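Chemist: Those protein sequence lines, which keep their order, are chains A and B. The first sequence stops at residue 95 when you use the working numbering, and every number in between is there. The second sequence stops at residue 1318 when you use the working numbering, and every number in between is there.
Hints were generated in silico from the structure; no laboratory data involved. From a predicted model like this one, the values you see are computed outputs, not experimental measurements. Careful: at least some of the hints might be erroneous.
Unchecked claim - Computed from the model, here is a short list of chain B residues facing chain A with C-beta under 7 Å: (1) 1027; (2) 1080; (3) 1083; (4) 1084; (5) 1162; (6) 1263; (7) 1298; (8) 1302; (9) 1308; (10) 1311.
By construction, the Cβ of each residue, glycine as well, lies at the ideal position given by its N, Cα and C atoms.
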Amino acid sequence: MGTKNWPLWEVFVRSKNGLEHRHCGSLHATDAEMALENARDVYTRRNEGVSIWVVESKNITASNPDNNGELFEPAQDKVYRHPTFYDLPDEVKHM
Amino acid sequence: MSEEQIKNLEAQFEARIARDEKIEPKDWMPEKYRKTHIRQMSQHAHSEVVGMLPEGNWITRAPSLRRKVALLAKIQDEAGHGLYLYSACETLGVSRDELYDQLHSGKAKYSSIFNYPTITWADMGAIGWLVDGAAIINQVPLCNTSYGPYARAMIRVCKEESFHQRQGYEIMIKLAQGTPEQKEMAQDALNRWWWPSLMMLGPTDDVSVHTAQSMKWKLKRKSNDDLRQQFIDQTVPQAELIGLTIPDSDLKWNEEKGSYDFGEIDWDEFWQVVKGHGPCNKERMNARVSAWEEGEWVRDAAMAYAEKQKERKEKQAV
Ligand SMILES: [Fe+2]
Ligand SMILES: [Fe+2]
């Protein structure tokens, strides 16, 4: 020990075109290129992906679960954002 | 935080788990939950990594290219499993270096099964069939465990494990159908790996220490004895199918229970191996420690190279 640790990277894989990249795990690598190569070896050994993103973990800003109340609860009473909120007669079609 | 507040948080936390909610890395969690998870996940990661050694022993001597690519792919998977689990562990704020250090200093344990030697090719068959088989039984219930990163890692692991077991069993089938010497080799491997595989499912319920708490946190969903019974019941017919004999003279189908009765497990042997007196404990640890130490200059060089590249890029940008 005593040497410099390789930074941590988060890996996102697009499983096929048309789908979004999805977080699938993390790994250590010295730079982005190595992170990509390692991600390919570790996370796409069975055709799990057609595209990979790597992001150094320290560059991700995450919301704090302690603030979940103020962040996400206001959406709960905004039922008017959902189609089911609106009263329409049953006879109406295609809506 | 006052004791009262902590108690409150703990109660809410337990209630979330009881409702089958997942816990994610940044959520508040009791210190004991964090520590227990680091211990279990890192032990699990270490087992995947040390588990590559007994099989690595046979890569260069695999009997055909087909067997060789399969064995290589399996071992590479195990390296991946180690990585998924180390990563999950790191989400709890422990560094990879600390984890390695715990393994190398002997502070952390890994599955004792890997302290047995692989002396014939048939051991590759027995390991895939029995050791990966027992691992699957241990791991499948963990796909539903309460800690999100652990559960996700286990889902990936379990998807990959089934090929491991099938490639092992296929090796056994071929040997069992081969010459008398080959069949004998398969039987001998079964004889040596059977009991250690049963031990892999952990001490019996009456002496197992962590079970109650682990059940609550879904780190464990079935007791060791139940898992062991499940393993025996599914494996015995597989042995019969290929004409091999389970090395247990007390093994008998119990019609009433609907499962097999089996003989006494030598728990002295188990504890001896856990304490470091198995046939290969020293060899395994030496292999890991020297791989780490001898790789240090490579890790340093790679880091230095990356930093240099970065500096050069930044200069050019100016
Ligand atoms: Fe594995
Ligand atoms: Fe495996």
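Chemist: A separate judgement is required for each hint: does it hold in the structure or not?
Modeler: Cross-check of the supplied hints:
no.: 1; hint: 1027; result: holds (5 Å)
no.: 2; hint: 1080; result: holds (5 Å)
no.: 3; hint: 1083; result: holds (6 Å)
no.: 4; hint: 1084; result: holds (6 Å)
no.: 5; hint: 1162; result: violated (12 Å)
no.: 6; hint: 1263; result: violated (40 Å)
no.: 7; hint: 1298; result: violated (11 Å)
no.: 8; hint: 1302; result: holds (5 Å)
no.: 9; hint: 1308; result: violated (10 Å)
no.: 10; hint: 1311; result: violated (12 Å)
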